[in-house]
Each structure stands twice: as structure tokens, then as C-alpha cells.
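Q: Please arrange chain B on chain A, whose structure you already have, making use of the hints.
Protein chains: 2
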Amino acid sequence: MSLTEQMTALAKQAKIASRQLTTLTRQQKDACLLAMADAINSAAPAILAANAADLKIASGMGLSSAMLERLELNEKKIAGMADGIREVAGLPDPVGKLLDDRVRPNGLKLRKITAPLGVVVIIYESRPNVTADAASLCFKAGSATILRGGKEALNSNRMIADVMVRAASKVLPNFPEHAIQVVPTTDRAAIPELLSLTSYIDLCMPRGGEGLIRAVTECSKVPVIKHYKGVCHVYVDGAADEKMGVEIVVNAKCQRPSVCNAAETLLVDKSIAGTFLPAVYPGLAAHNVELRADASALGILQSKLNNPQTTIRAACEPDWETEYNDYILNVKIVDGINDAIAHINTHGSGHSDVIVTADETLANKFLQEVDSAAVYWNASTRFTDGGEFGMGAEIGISTDKIGARGPMGLDELVTYKWHCLGAGQVR
Amino acid sequence: MSLTEQMTALAKQAKIASRQLTTLTRQQKDACLLAMADAINSAAPAILAANAADLKIASGMGLSSAMLERLELNEKKIAGMADGIREVAGLPDPVGKLLDDRVRPNGLKLRKITAPLGVVVIIYESRPNVTADAASLCFKAGSATILRGGKEALNSNRMIADVMVRAASKVLPNFPEHAIQVVPTTDRAAIPELLSLTSYIDLCMPRGGEGLIRAVTECSKVPVIKHYKGVCHVYVDGAADEKMGVEIVVNAKCQRPSVCNAAETLLVDKSIAGTFLPAVYPGLAAHNVELRADASALGILQSKLNNPQTTIRAACEPDWETEYNDYILNVKIVDGINDAIAHINTHGSGHSDVIVTADETLANKFLQEVDSAAVYWNASTRFTDGGEFGMGAEIGISTDKIGARGPMGLDELVTYKWHCLGAGQVR
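Quick note, the sequences are listed as chains A and B, same order.
Here the first sequence is numbered in numbering that gives the first Met the number 0, starting from 0 and rising by one per residue.
Here the second sequence is numbered in numbering that gives the first Met the number 0, starting from 0 and rising by one per residue.
Please note that a few of the clues may not be correct.
The list makes no distinction among identical chains, and a pair is therefore deemed to hold if it is satisfied within one copy or across any two copies.
As the list claims (entries may be wrong) - List of simulated lysine-lysine pairs, BS3-like, C-alpha gap at most 30 Å: (1) K55 <-> K169; (2) K364 <-> K269; (3) K108 <-> K169; (4) K269 <-> K96; (5) K96 <-> K108; (6) K303 <-> K108; (7) K11 <-> K220.
Derived from the structure by calculation, the hints contain no laboratory data.
For reference, chain A alone in the conformation it holds in the complex:
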């Protein structure tokens, strides 16, 4: 079988499975999920054995220790996967929710109702836990999944999916076995093949670094929901509470710099820069944050700080659009809120941006004009997260404007359709 035939068969099976998933009740889906969770726990030895095989191959491939750590499973991580699936079982069913309801003058009743997407392809990097997370969320949302993890995790991913499908089939004899499938090859050419199959695949969600996401988006003919990167900003306005500004900046940068909702750039209004920059510096220096500053900020930092503990240097143009995932922060002095908004809308990634101010009018202007998925007034960017937003489990964060925007939970994993109920109406 050629790769094209193999991917077509996979996608076609997924489509057929997705049709059967539309017929399942919430009770049936939750019973399957709970069985999957129990099976993940009890199959821990088999999963660990598959993972050990992956780790052996991976260390032979010369993977970094960070990569190996992400790949490695243990009893605790496996228990975490099972708990994650149980949590999904406990969440409300996102399918069948009434979004709108209207009766037309001719008596036609229209109901806008959430419905499953169909077939979702998830492309991700090495952590095998994503297999269980993504498959369980999509299953609860009534969709079939095709999972493509890192090539170094193939044995782990296949074992996890296999355990889940076998467990569900025991609880529900007509469980469609192709509802959860792992792409059975590590051939990179499989991805463009799969993502050209617009008749069978409804959505692709890539999760990983910007390179992976750009490569997927470039080759895909099916819709892709994604964020490329998180270049998040904190704008400290002239009317900001200085102490609050310091806490938010330090938290947004330092609490977990490796994630997409960490801040990369601090914008400070020129009216307070002279006092705010020296005030925020100690908190950043305590985390060894390197500062990359525009000329004005550099001037203030150099004149006001004696013997700075961290690197402070001039920012270069690409810095303003870089997601560092590290203890590095750009600093720029802006001339009021319009300048701040223009900088964010030009250089930002449309992810999460903050204004710190006591002025409600300015805050509302910022909320309205900053073109990002999440816009904050007086809080840290770090809250852009499905759990923090109260969505339960999260499948990802979108900076797209078509479909879901911001954190994506179960409710963002469905489409809708119109049920039109008549009594013989014709036009």
C-alpha cells in the first residue's frame, strides 16, 4: 500500500467512525472514558514497556536530555493521564447544546445546536500524555481523532491509543474502533498526505513549536486552528499602581517563562518610566532576567542602576517579535496608550496582552483596540489557560479569528448546525 493509500484508508476509517460517534449518548461516552482511564492505570506495565522501547531508540538517536525527559513516562505520569481522562468524563457534554432558538413568521422552528466536528487530526511533539488528553477530549466532543506524535514516541502513543480503544470496546460493543487512531508511520510525508484529504478530515490542530506549526499550516488543505507563538506584552500606563505593575510584570515574565502566555515585552509610558524601571528591576534581577531595551529605556536603566546584576543591552528589531521562552524581556518606552496599542498590534502575536492602569477609560480603550485573543486589565498574562478560564481540560490555545480564539476546551471542539422543524412549509 502506498503512503497515499495508507493515509486515505486511515482517514476514511476515521470518517466512518465519526458518523457512529454522533449516535452516542453522554452516558455511553462517559462510560467509555471511565473504562479507558481504568485501563490506562491497569495497563501501566505494558505502556511503560512500550515507552522503554521508545527511550532506547531515542537515546540512540542522540536526543537531548530535556527531550528524553519529556518522552519518559512513569507510574505517576500514567496515573495523571488516567485522572485527566476521568476529568473529561466529568465535564458536561459539549454536543447538543442549544445556542439559538427562533420561530419564523411562517412557523418554521430553527434551532442552532452544537454538533461534532467529525475527524480531527492532532499533530504534536514528544510528550506521549498528549495522546490520552487529546483523544479523550475529542472523543467527548463526538469526534474521531487521528494522532501524530513525535517519531520518538510512536510505540508509547500506539500502546496508549490501543489500550483506550480496547477498553471502550469492552464497555460499548459497537464502539467504533477507528475513533482513535495513531498514524502508524514516522514518515514525514504522511502529514501532507493526510492534510490533503479534505473530504475526510475536518480540522487539524498542531501543538508544538513555531516551526512545527508553520510547517503544518503551510502544507494543510484542511482548516488548521493554532497559535504560532506567544509574544505577550505588559503595558504599564502612566496611571498605573506601581506596586501592582511590578508584581504583574515579574509574574508574567518569571513565573514560567517557557510557556506561550509568558510576557516577552514590557512597554512603559514615558511619564513614569523614570521611576517604574528602577522599581521593577530588582524583581526581574532576582530571576536573572536579561533586559533588551530601546534607546530611551536603556538610558534610564543605565543612569538609574548602580552595578546592574543582569545583562542589559540594546534591543534589535527582531527582538520585538521573538518568543524567548526564557528569562529575557524586551523593554520599550512608549508615548502614551496609542503608541502602546500600535506596538502590540504590529509586533504582537495576538495572544495575551495587559494594560496596568487605574484609569478605566484608558483600560476600555486598550480592551477594545488591542487585537488579541485575551486582553487584560490589571492582571498577569499567565491566566490565558483553559484551566484558569474555568474550561476544565484544555486542548490548546488559538490566536486565529475563525473558529475558537483563546483557550480551547470542550466547547471549542464542536461546530454547530441548524435543526429546522416544519409542518410542510414551502417557499
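A: Showing chain B alone in chain A's frame:
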């Protein structure tokens, strides 16, 4: 300036304009729209002159009389355009609607609020009225538009857009003049250039025949919302009211066969085919509908009808997936509802499909399992339309599952963002 530079400049200007549009109030937008409508009326002579120039070139190009008729404007069509714009002014503002509202345990207030998309590209065929319709809807939704009509309508389209922009600029001195732009060239290469500019363009909506839409979708790097075609079905179930079934089938096929929500295929349950096909035939024959039937249906039609008035022939495989836009109907006998649903989900276009039945359980099964934008129980497919759905003006119909699905009015022309209001919360 190269074509790439020209399209980049156009898109960049649109993006800047779109930023300014986010600051407009409903009152400002409506005042602009009303001024645009008045100006369209009073500029009728200039618009007709531009249209006459287009018509002269077009008749030299040997366009069909149907195409020339679509291109031709007159006083009545111009008044219709103006009325359409006034109607848009009267519709509620789709921007700033609260979709969700939650307070997290840490006191963070989250508000999910509709927001403008940004820059929308509309690609359409010859009718110049689309220029006014699409531009006014997008403007009301807070987005800038880049319009690309048929090459034969360039003068008309430019004049209409120009009249609208000049009128709005008089009412609102800071009206961004690039909020409504017509692509100033007929070069086909402009489309892929434009649709590669993902930093500036948020959405493309192609409107026209399947060929146009496929070509646009193929070349686009920006999200596209569209429907390729409407292959709509009426399934007459064994428990159908025969008279209602006849009325719905004849209406869905014959009331306006040229549109996407007209039916192309009649599916009849085998238990009633022997009586239903002869019953429905006269209504279809009265409109000279050609029937393309599967073997069983052909057998029934040939045995029960004496001297049929219309062509009745065997359907071939591609017929089941063809949008005829004409008085032609496929007819197939199915073995119950599962067979009907499988046929629709395999051969349909996910647009509009009907079950005619008195059995509520079967109807609910059909509503749940048919994977289409609009699924009907006992009504004609012809209601899938923004006006009929009570949306006011319609910009198009989507069979996509990401973003809007089904008829698209103003509410479907926006995205959302999260406003996150804190009091200094950090993680």
C-alpha cells in the same frame, strides 16, 4: 510597483483602516451607512456611466447575454443597492456583544465579547451590487474590505466603492478611506498574491461558482469561508404524509432551481416508492423536470407512468454529486433511514437536507446524524437563507465547520475576544 508590492500596499492600508474601525461607535457606523445609501442614489448617473463603460468592453469580449444581464445596472438596481445599505444600518451592531461572562475564584472577571475580524477579502463574479452589499455588511461588522469582482465589472465596482467612501468621509472626517477598497487590477495573479498576506488579511469569502471557489481555496494561505456547491436532498420516509412530501419535493426542486439551496436528489423509502413516485411525478413534470433515477426507481417510473412527459433516464455515478442548477432531479430508492443518511453523508455537500416523516424518532435521528449545515424536518430546503432565517442581510452560506456554518449574516462576520478584568491578580 510590482503586483506583489501593489497587493501588499493595499492589504497594509486595509489593516491600518481596520484598526481605526474598531474605535467607531454604532451611531458613527450607521451615520456613515445612511450617507453611503443616499450617495449611491444621488450618484446614479455616474454609476450608470461607469457601468456603461463596462458593458461596452464586455460586449466586445463576447460575454453571454446572461452574463451581460448580471453586469448591467439600472435605476432600479441602484435604488436596491441603496435600500440594502439602509437595511444594514438598521440592523443591530454585531460588535461588542457579550457571549459569556464569568468570575473566577481569584476574582478575575472574564468577558467573552464579539470583536471585528479585521480585513476581509471578498471575491465574486459579475454582479456589481455585491460590491455595495458586501462592503456595507463588513463595515457594519467593523472590518475593512478588499473587493475583487469580475474583471468585466471593474469600472462599476470602483465607482460604487468610491461613492461609498466619499460619502462616509463627509459624515465622519476621520473615516478611514481604505476601509473599502476595490482591487485596482484585473490581473488574475493578484488573487494568490493577496491571499498569501496572512499578516494583513484575516478572512477570504469567495462567492460564485464551484470553479471560482475551488481556485480561491487552493491558492489561499488565509482562512476561507465558503460553500463549494449545494447538493441538497429530500428524503421521503415510509411514514411521510404523501401530500406534504409532494409539495416539499416540487418546491425544493422547482421554485428556483438556480440557487444552492435547491434540491438535486430525491430519496424515497422503498416501502412507499411504488405510490410516492407516481404521486410526485405530475408536479415535477409540470416544470419539465428531467429525472435521473437508480435502477429501482427507474423500474417503478417506467411501469407506473404512461407516456411520461419528461425525460426519465438512468442516473450515472457522478449525478449523485452534481449541483445541476437546473430542472433535473436525481431519484433513488433507499432501504430505510440509515441508507438515506449514509447516501446524504457520502454524496451530499453538507448544505441543506430534509426528511419528510410523521415519525418523530426517525426525524430526530436524521437531525442528529446528517452532517449538514441545515437539517430539516418537514420543510423545503429553500429556507436556508439569511433572510428566511431572520438574520437580515446575508453575506453568504457556509458549509464549513470552523467558524460560521449555514447562512451568514452580521453576527457571523465577527470573531470574539476575552476581556479579562483584574485587580492585580498574578499566578
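Q: Confirm or reject each hint.
A: Verification of the hints:
no. : hint          : in the structure
1   : K55 <-> K169  : neither (32 Å within a copy, 72 Å between copies)
2   : K364 <-> K269 : within (19 Å within a copy, 63 Å between copies)
3   : K108 <-> K169 : neither (40 Å within a copy, 44 Å between copies)
4   : K269 <-> K96  : neither (49 Å within a copy, 34 Å between copies)
5   : K96 <-> K108  : both (16 Å within a copy, 24 Å between copies)
6   : K303 <-> K108 : neither (69 Å within a copy, 37 Å between copies)
7   : K11 <-> K220  : both (16 Å within a copy, 26 Å between copies)
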